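Student: The lines below spell out each chain.
Protein chains: 2
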Amino acid sequence: MTAAPSAVTLGPESDLSEVFELAQQLRVDSVRASTAAGSGHPTSSLSAADLMAVLMTRHLRYDWEAPDNPAADHLVLSKGHASPLLYAMFKAAGAIDDDELMTTYRRFGHRLQGHPTPVLPWVDVATGSLGQGIAYGVGIALAARDLEKQPSRVWVLCGDSEMSEGSVWEALDKAGHHRLANFTALVDVNRLGQSGPTELEWDTDAYARRAEAFGCRAIVVDGHDLEAVDRALTVAADGTAPTVVVARTVKGRGVSEVADKNGWHGKPLPEDMAERAVAELGGVRRLAVRGPRPPATPDTARPADASKAATVELPRYEIGDKVATRAAFGAALAALGARPEVVALDAEVGNSTHTEDFKKAHPERFFQTYIAEQQMIADAVGMAVRGYRPYATTFAAFLTRAHDFIRMAAVSQITMALCGTHSGVEIGADGPSQMGVEDLAMMRAVLGSTVLYPSDATSAAALTAAMADRDGISYLRTTRGAYPVLYAADETFPVGGSKTLRQSDRDRVTLVGAGVTLHECLAAAEELAADGVEARVVDLYSVKPLDTGTLARAARDTGALVVVEDHHPEGGIGEAVLSALASGGHHPAFAHLAVTDLPGSGTTEELLDAAGISRGHVVRAARALLDR
Amino acid sequence: MTAAPSAVTLGPESDLSEVFELAQQLRVDSVRASTAAGSGHPTSSLSAADLMAVLMTRHLRYDWEAPDNPAADHLVLSKGHASPLLYAMFKAAGAIDDDELMTTYRRFGHRLQGHPTPVLPWVDVATGSLGQGIAYGVGIALAARDLEKQPSRVWVLCGDSEMSEGSVWEALDKAGHHRLANFTALVDVNRLGQSGPTELEWDTDAYARRAEAFGCRAIVVDGHDLEAVDRALTVAADGTAPTVVVARTVKGRGVSEVADKNGWHGKPLPEDMAERAVAELGGVRRLAVRGPRPPATPDTARPADASKAATVELPRYEIGDKVATRAAFGAALAALGARPEVVALDAEVGNSTHTEDFKKAHPERFFQTYIAEQQMIADAVGMAVRGYRPYATTFAAFLTRAHDFIRMAAVSQITMALCGTHSGVEIGADGPSQMGVEDLAMMRAVLGSTVLYPSDATSAAALTAAMADRDGISYLRTTRGAYPVLYAADETFPVGGSKTLRQSDRDRVTLVGAGVTLHECLAAAEELAADGVEARVVDLYSVKPLDTGTLARAARDTGALVVVEDHHPEGGIGEAVLSALASGGHHPAFAHLAVTDLPGSGTTEELLDAAGISRGHVVRAARALLDR
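Taken in sequence, the protein lines are chains G and P. Under my numbering, the final residue of the first sequence carries the number 1362; numbering is consecutive throughout. Under my numbering, the final residue of the second sequence carries the number 1362; numbering is consecutive throughout.
Hints may contain errors.
What follows is a set of in silico ranges between Cβ atoms, one per label pair, in the way DEER data are often shown [as the list claims (entries may be wrong)]:
id : chain 1 : residue 1 : chain 2 : residue 2 : range
1  : G       : 1330      : P       : 852       : 16 to 26 Å
2  : P       : 994       : G       : 747       : 55 to 65 Å
3  : G       : 1350      : P       : 1001      : 31 to 41 Å
4  : P       : 956       : G       : 1350      : 49 to 59 Å
5  : G       : 1053      : P       : 1350      : 53 to 63 Å
6  : G       : 1013      : P       : 1050      : 40 to 50 Å
It should be emphasised that the hints constitute simulated quantities derived from the structure, not laboratory data. Nothing here was measured: the structure is a model prediction, and the numbers come from that model. Idealized CB from N, CA, C, for every residue including glycine.
Given the sequences, and given the hints that come with them, work out the whole structure.
Tutor: What follows is the structure in structure tokens.
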């Protein structure tokens, strides 16, 4: 490779011929890093190098030594596979050195992963599942403007292939709706996807028309014309409108052997080709960049600090009163709003999920995302990135719409609370499309998640509050109908615990339920007791983590467990209990009642019974275990 | 209620004053049915009654007595909550009677459910999860035009609230891309959502601009001006372009007490209000409709019939050769293409998933959906509705993007095959965003699903073929890397079976794996054997249904099981095995190795080892069980 010249530092005052040298350096380093790693996406990096060189030199107001400066801009690499380009930028900014880039990229145990994640201090959110970066960018821009009141701007670099994801338009609709003038997306229209030409190829006007139709300003540029790019980014940063810069580019730009050629997606150049490429690009450079500094604004107190002084008065319920857990969630969330870091989001069902209580109490921290569950989660992620505690809520069934966003939030190690209402067949007449019967499986399998499932209003309120102090992604499953309050208002519900509602020395079977099925278990225990069979009843309000100790004791004491859940049998409470017991070597006789057939419409009672999870079925299952 | 006049039959020749009477009848019946049921969405039905009256009288070419006529049009009620309107149409068409409408709607055990499902012969797909109907409509239109070569047209009625779902624009992009001139969406812009005004309220031009930007023709009309609606639908049906009719309407139209009033979403009118409403609407009518007949086209053979003659020659592999299961999937799928009902869809990763093999062999039945996983599933559902056997494929991780569509496909009782490639940490350097480690939990919890996970090329090919004869939603999980072929080409792999690859009378532990972990189990067994410990090894290629018999025998024979999976511990193979054993009362000592921490980049070996699922960990887990 060519010998490196001595270091030169570029800044906003540098002329575009110098910026061009930086772009070439980003290209060279993208090629070098991916060839050294033996995998990666150099050609997707080369197309966007000019865009990024102009951005980081003249527009991105960033402090590379203090990336948590709240006034600083944000850069989201939606096309996460172009990580060589991002890391080459980090090197140019002096955040990492050439050695780290060349010897650790994509290697085990190192932070320069194949797709960027927040293990890097300059990365807000993990990307690599395409079509998500714009959505997160919108969430961060919304948090910066409406919650933090900071002058930070958000820049998102996305690919053209990912513009076919509906989530992109769901997000741009919100950029337009909120008039997020602090938001800019740069679309790197390099015409070639992974397996061939993209859907719109170089039809940059089509992208522009779409962006404008969704309420954004669109600017079409030649993405290799540095002056045009600079003008576009200057306009984008004028603070008047959300902007989409549609940049026509060439994949593999600058390296004639691969430029605009199909078949080079996601492939590092072999060493001999890499050497020729570096030579063609003008050799290795040692340019450094210090771009514009973030504006000097007061470093306002982060919301979490102000929170300590807040007094939260959770709602109190009388034992025996009939209250829906979703109603208790809403009331508790409104009370939690006393903590300034707590924000609520809802997908146009706030009168069902009861987030409308929060909206009434704290309208400035309530976000209506309309029917857009993916963007709701992306907004929540953006707010979490900025230090807030989002509670995002819709029907349990409709959280499945955002599964990929929730999965990626876990990769980003985001802390947020989710609430899914209308769980199970319990909802009644609306029918199966509205019934969450897969949500426990989905949420349990999220890395590091907490899964809570209260059976009464007191525990629902307490667990809603508990989520505000829990790291990672927490999920609260609530029920549509109103059921008797079981616990006094001063009862505590530690995460990982359970409640034994009924027990004696003569217990011969343990009935385990949560939500509506706990009430069925209690009724079943009454019926069994009337027949002389004592049953222990456990309220499994914490599904993950699970109270293995109590279950193990119950297994030992009674020798028989019936687990009843308003969910499909796979991945729910039953399997969680089996896992916990097996890990402790406990093997009671076991019956598992769950929803195994397609439900229809009906009353709650009819549907619970048809699904085989009503009190009568619990009684029969318990008897069958005892008669075995 | 008002007395019914005698029956009159409307048809395409009826004038619009008669069509208005039909619209009023649809309104009256929507009010009556929901009031009688005590729940439902009358106001959302009232806004669209004029649109539907014009459609069914003059444009919907349908045979209500033979809904499977392949030349007939399709109607998809994307706003599934407006089921009273749909069922009122069924009554007007003579498909159901007034008694069924009034006494069974939303009642247990009956087919007129809260949201429509295909238990009704006139319903193609279940709706009720908003933002899906347009997507399914696009899929059906594509199948009708490009596979069936039938003149059928697709009409989709959607609400305005659901237009904020990205999936709507993902779908309209495809309507434009494919130039689906047989597709029309009618957007009922009634301005009010569930909890308040919609995002765009009555900005019908905004909807029109968006539809046009996505390649559709847009027509804005007053949705209560029957003549304007009729003109718009005539244009829509001219066969020149996909069309979006944007209809400005009034929610609750025709009933002054609720018209354009917030707070009446999803609420039946109380009986006294209903009586006043029916009177205001002109009382109960007895109008019948016979709309235009489907064109008389030859009833071409359904693809499944032609299939019987096809000879499928699956690829054959030599034991010991290293072949990736994803490659075997692609080769087997290409071979299966000999069956004319088999179609393949891919989300722009066909060179990774190997569906490109199918594309080469059968380009006319390969569908490139670009990066649009939700639409890929919706296209597959549309093709399944029309009798084809779709195989839809992308990375396992990215199938989570389509979770809600897969869930709803199960409610629709669709038969289709999915394949998720690049499962687990096995993929190596790309990092966690690309690793499917939640897919087994998601797919096991799908109602009626089949979940297959081959470990070698022979079984992958056989199971790919097996999915073509399996009802419901089947899922094949494949692996990125190439591993030794384990089975001879004539080996059979029944769904619900397993293979015991190593066993003896002296087995003291059973190692259970699938995919890459099976190869780790085999290596671990070698290592244990070298130390004098015989281990049984089970290839669990069928995860759902599971081979309970073999596992029970292994539990009994060896007393100890180690289950190893490249997936999060929740909802995967380990819990599937525990469930199966518990149901049979088998309780071996049990160890479960799975991915419990956030992985990074690295080689396969490094990542398997870091996740604790490599051969060394299997050996240690087995020893720990034996030493217990």
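Student: Run every hint past the structure and note whether it holds.
Tutor: Hint check:
1. G/1330 - P/852: 16 to 26 Å: holds, 20 Å
2. P/994 - G/747: 55 to 65 Å: Given a distance of about 59 Å, which is inside 55 to 65 Å, the answer is holds.
3. G/1350 - P/1001: 31 to 41 Å: holds, 32 Å
4. P/956 - G/1350: 49 to 59 Å: At roughly 54 Å between Cβ atoms, residue 1350 of chain G and residue 956 of chain P fall inside 49 to 59 Å, so the hint holds.
5. G/1053 - P/1350: 53 to 63 Å: holds, 54 Å
6. G/1013 - P/1050: 40 to 50 Å: holds, 47 Å
Checked against the numbered hints above, the structure violates none of them.
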